[in-house]
Structures are given as structure tokens and as C-alpha cells.
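Asker: Whole structure, please, built from the sequences with the hints as guidance.
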Amino acid sequence: MSSNVELVNAARSGDLKKVDELLLAGADVDGFDDLGRTALIRAVMGGHREVIDRLLSAGADIELANRPEEQTPTWIASQRGRVDVLQTLLQRGGQCLRPAKNGQTPLRIASQMGHAEAASILLKAGADPNVPDSDGWLPIWLASFNGHKSTVITLLEAKAQTDKLNHEGLGALYFAIQNDHPETVDVLLTSGANPNVKDKEGVTPLIRVAEKKLLRLVNPLIERGAVVDEVDDYGRSPLWISSQMNCQEASDEAAGADPRLVCDKTSAADITTDEDVRHIMLEALKKYTE
Numbered sequence: 009m010s011s012n013v014e015l016v017n018a019a020r021s022g023d024l025k026k027v028d029e030l031l032l033a034g035a036d037v038d039g040f041d042d043l044g045r046t047a048l049i050r051a052v053m054g055g056h057r058e059v060i061d062r063l064l065s066a067g068a069d070i071e072l073a074n075r076p077e078e079q080t081p082t083w084i085a086s087q088r089g090r091v092d093v094l095q096t097l098l099q100r101g102g103q104c105l106r107p108a109k110n111g112q113t114p115l116r117i118a119s120q121m122g123h124a125e126a127a128s129i130l131l132k133a134g135a136d137p138n139v140p141d142s143d144g145w146l147p148i149w150l151a152s153f154n155g156h157k158s159t160v161i162t163l164l165e166a167k168a169q170t171d172k173l174n175h176e177g178l179g180a181l182y183f184a185i186q187n188d189h190p191e192t193v194d195v196l197l198t199s200g201a202n203p204n205v206k207d208k209e210g211v212t213p214l215i216r217v218a219e220k221k222l223l224r225l226v227n228p229l230i231e232r233g234a235v236v237d238e239v240d241d242y243g244r245s246p247l248w249i250s251s252q253m254n255c256q257e258a259s260d261e262a263a264g265a266d267p268r269l270v271c272d273k274t275s276a277a278d279i280t281t282d283e284d285v286r287h288i289m290l291e292a293l294k295k296y297t298e
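Under this note's numbering, read the sequence shown as residues 9 to 298, first letter to last.
A few of these clues could be false.
[Stated by the list, open to error] Only pairs whose alpha carbons sit at most 30 angstroms apart, straight line, appear in this in silico DSBU-like list of lysine-lysine:
hint, residue 1, residue 2
1, Lys-172, Lys-221
2, Lys-206, Lys-220
3, Lys-206, Lys-167
4, Lys-220, Lys-172
5, Lys-221, Lys-208
6, Lys-206, Lys-221
7, Lys-132, Lys-167
8, Lys-206, Lys-172
9, Lys-208, Lys-220
10, Lys-109, Lys-167
11, Lys-167, Lys-208
12, Lys-132, Lys-172
[Stated by the list, open to error] Distance ranges between label pairs, derived from CB positions:
hint, residue 1, residue 2, range
13, Asp-241, Ser-21, 54 to 60 angstroms
14, Asn-110, Asp-38, 18 to 24 angstroms
15, Gly-134, Gly-111, 17 to 23 angstroms
16, Leu-72, Asp-241, 49 to 55 angstroms
17, Glu-231, Asp-23, 54 to 60 angstroms
18, Asp-28, Lys-172, 45 to 51 angstroms
19, Ser-21, Val-139, 35 to 41 angstroms
20, Ser-11, Asp-171, 53 to 59 angstroms
21, Asn-138, Gly-34, 44 to 50 angstroms
Just so you know, the hints here were simulated from the structure itself, not pulled from any lab data.
Ideal placement from N, C-alpha and C gives every residue a C-beta, glycine not left out.
Answerer: In C-alpha cells:
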């Protein structure tokens, strides 16, 4: 085994004494192991602060990425939520904006994994919460998608925009609803997310809630101003979708029915307030989910 590989292994196990011995014996501080990892990267992965400090003091390249992923030590610390390590790397010159080979930035991966404190450190170091990665994903979309409420709050405090949408008209609120994260939905609505935003097919958050039978999200959306009789491009309203769930037989003509009609043919004239709609939706969804 070469001294370079020995150094990487010693760093991986956090063996500071062995690291010192190998460095004194002339091991390359930036040498790679067979998996394309350097000693510094292995130390970061394991969270070995003393070893990290020693390697950096010995001249380790703080921007030397692994192979073939091209993930820097800063990127890996962000991915793993190693807050103290991340702070050390940034203080020693690590770049907070450099993406990996797949185009994912440190802030993107920290947000995706739900590492709120790591995200906060990166934001303070200059990461922009409103810049998408190479795939077009924003950090707040990923945090919302995975229900990482604390990370969403951190991003919002850094002025992340709640209503930015992708090419399909989908944004943070949609992703939180789609994956049934009620606490994240509440945070987004409280922060000003538009409860009536439409995707490219005209589907609103309340329509999506009805589609997915998410009973507990009905009230929060209506209370935040969701329009209960809004229809999508197919003529469906939240009430119509909810009522169809209770039909004993699904009619072929349902898709063309008046979107303000409920299953028993109650007319729109009998539904006069948002509370009426809320009640009917809740009852319909309750029966469907029981």
C-alpha cells in the first residue's frame, strides 16, 4: 500500500498521530486513494476536525475535488450537515458556490438534505437562495419537496422567493402539497406564497389538495385566501373533484359537468359561502378516506 493511500485511510479513521507520521515521511497531502478521494475529503466525510486542521496546515488543497464526482470538501460538508467542518473550510478559503459535476451547489445539496444550519452558513457566506442549479431546481423547491420546514424557514429568512415557478408552473407550495407536508405548506403560506397560483394546466393548490385527498390541507388554504370555485383548464373545481369521490358510479360525462355541481346535483345557488364549500369538501374527503 502506498503512503498516499495510507494517509487517506488514516484521515478517514481520524488517526491524527498516523497522519502526522505519514506527512513527516513525505506522503502527498493531496494524494488520492483508489476511489478518487483525498485525505482531506475523507477527513471531512468523517467530521474529523483535528485531522482537517492538520491537513490544511500541511498545505492540502481546499478546492481539490474527488473523482469523478468533482465534489469539493465544502460541498461534502454541506451534504453531510457538518456545520463545524463547513465553518472551518469557509474560514480557510473554501468556495461556497462551486458546484459538483452534476451541477448541484453546496446550498442546493444542504437544502435537499434538510441541513438548515449548514444552509444558513452558506447563505451568510454569499450563496444566493434564488439561483437555480444546472437542472433548474431552486433550494427552496427541494426543501419544500422533502418537507424540511426548518430549512425552508432559513431560506425564506434569506429572501428566497416563494412564488418562483419552473417551466411547468410548479413551485415550492406545489411541491410541499404534492408530498403532503402540512407544516411546510403552512410556513410557505404564512410567508406570502400565493394560494391561488396555477400550474401550466390551470391547477391551483386547492384543486391539487382535492385530487390527492389531503383533508388536513383544505382549511389552511381556504383560510389563506384560496379561491374555492376556481377551475382548471379541464373545468374542474376543488368542490367538483371532492364530490366526485363520493359518487357511487363514475359517470362518463363527469368531466364535462358543471364544476360547481356536487354529486347529488346540488346547485351552485345552494353553495353561497366559502364555509359551505369548505364543509362539503371536508365531508366528501372524510367519507372517501374513512
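Asker: I want to verify a distance hint. Is the separation of the beta carbons of Ser-11 and Asp-171 within 53 to 59 angstroms?
Answerer: 55 angstroms, holds
Asker: Would the pair Lys-172 and Lys-221 pass a check requiring their Cα atoms to be no farther apart than 30 angstroms?
Answerer: 25 angstroms, holds
Asker: Taking 30 angstroms as the top limit, are the C-alpha atoms of Lys-221 and Lys-208 close enough?
Answerer: 21 angstroms, holds
Asker: Could you tell me whether the CB distance from Asn-138 to Gly-34 stays inside 44 to 50 angstroms?
Answerer: Between Asn-138 and Gly-34, where Cβ atoms are some 47 angstroms apart, the hint holds.
Asker: Does the alpha-carbon distance linking Lys-167 and Lys-208 stay inside the 30 angstroms limit?
Answerer: 25 angstroms, holds
Asker: Between Lys-109 and Lys-167, is the straight-line Cα distance small enough, at 30 angstroms or below?
Answerer: Holds, because 27 angstroms separates the two Cα atoms, which is no more than 30 angstroms.
Asker: Does Lys-132 pair with Lys-172 here, judged by a C-alpha cut-off of 30 angstroms?
Answerer: 22 angstroms, holds
Asker: For the pair supplied as a hint, Lys-206 and Lys-172, confirm whether the alpha-carbon distance does not exceed 30 angstroms.
Answerer: 12 angstroms, holds
Asker: Are Ser-21 and Val-139 spaced within 35 to 41 angstroms by their CB atoms?
Answerer: 37 angstroms, holds
Asker: Given the hinted pair Lys-208 and Lys-220, is their Cα-Cα distance within 30 angstroms?
Answerer: 18 angstroms, holds
Asker: Verify the CB-CB distance for Asp-241 and Ser-21 against the hinted window 54 to 60 angstroms.
Answerer: Since the Cβ atoms of Asp-241 and Ser-21 sit about 59 angstroms apart, the hinted range of 54 to 60 angstroms holds.
Asker: If I claimed the Cβ atoms of Asp-28 and Lys-172 lie 45 to 51 angstroms apart, would that claim hold in this structure?
Answerer: 49 angstroms, holds
Taken one by one, the earlier hints all hold for this structure without exception.
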